[in-house]
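Colleague: Sequence:
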Amino acid sequence: AWLLCSNELSDALIRRLSAEHHVGMILKDCTADEIRAALRHTVQGDRFLCHRIADFLLTVHRQPDTHEALTATETEILRLIARGLSVKEIASERISSTHTIITHKKNIFRKLGVNNVYEATKYALRAGLVEMVEYYI
1 AWLLCSNELS DALIRRLSAE HHVGMILKDC TADEIRAALR HTVQGDRFLC HRIADFLLTV
61 HRQPDTHEAL TATETEILRL IARGLSVKEI ASERISSTHT IITHKKNIFR KLGVNNVYEA
121 TKYALRAGLV EMVEYYI
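Residues in the sequence shown are numbered from 1 upward in steps of one, following my numbering.
Simulated from the structure, these hints should not be mistaken for laboratory data. We put the beta carbon where it would ideally sit given N, CA and C, even for glycine. Where hints are given, some of them may not hold.
Unchecked claim - Computed beta-carbon distance windows for the label pairs: (1) L39 <-> R110: 19 to 25 Å; (2) G128 <-> A54: 18 to 24 Å; (3) E131 <-> K28: 17 to 23 Å; (4) N116 <-> N7: 53 to 59 Å; (5) S92 <-> H21: 25 to 31 Å; (6) G84 <-> S10: 15 to 21 Å; (7) L4 <-> R110: 21 to 27 Å; (8) R126 <-> R40: 29 to 35 Å; (9) E93 <-> A1: 22 to 28 Å; (10) L39 <-> S97: 55 to 61 Å; (11) R36 <-> N7: 18 to 24 Å; (12) A37 <-> N116: 21 to 27 Å; (13) T73 <-> R52: 33 to 39 Å; (14) A32 <-> I95: 43 to 49 Å.
Said to hold, decoys possible - Distance condition first, Cα-Cα at most 30 Å in a straight line; then the derived DSS-like pairs of lysine-lysine: (15) K106 <-> K122; (16) K122 <-> K111; (17) K88 <-> K122; (18) K88 <-> K111; (19) K88 <-> K106; (20) K105 <-> K122; (21) K106 <-> K28; (22) K105 <-> K88.
Input sequences plus hints: build the corresponding full structure.
Modeller: Below, the structure written as structure tokens:
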């Protein structure tokens with residue numbers, strides 16, 4: 001068994017690792033008791049999830065993933081928006097008209113319930129659609 005300890009884990013990483021039954025997860029700000037319990041379980045070969053990660057997973061399983069409602073094209077355009085490309089640059093890269101990209105952008109914002117590029121980028125980062133490294137490049 002493995003134990004991952006981090007300051008912050010993205011929603012997407014938690015989802016991916018939750019499928020790995022040999023990987024436990026705790027956050028660095030867990031209580032000392034929780035950290036001791038995690039180490040004890042890991043040494044015994046068991047998986048341990050801190051209460052905040054367990055609560056997150058319970059909540060996630062009750063509600064559908066919002067970005068799954070996006071089409072493949074919308075997801076790709078959201079990635080490009082999050083990487084900082086303008087509508088004109090996205091249109092050029094995708095060999096589409098700017099009008100088409102603007103329409104996709106409006107649909108993405110509506111589906112995600114966001115109002116601007118900042119919120120859309122924040123969503124894409126948290127959902128694991130864009131890696132932090134890509135964002136800073």
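Colleague: Can you list which hints this structure breaks, lowest number first?
Modeller: 1, 4, 5, 7, 9, 12, 14, 21
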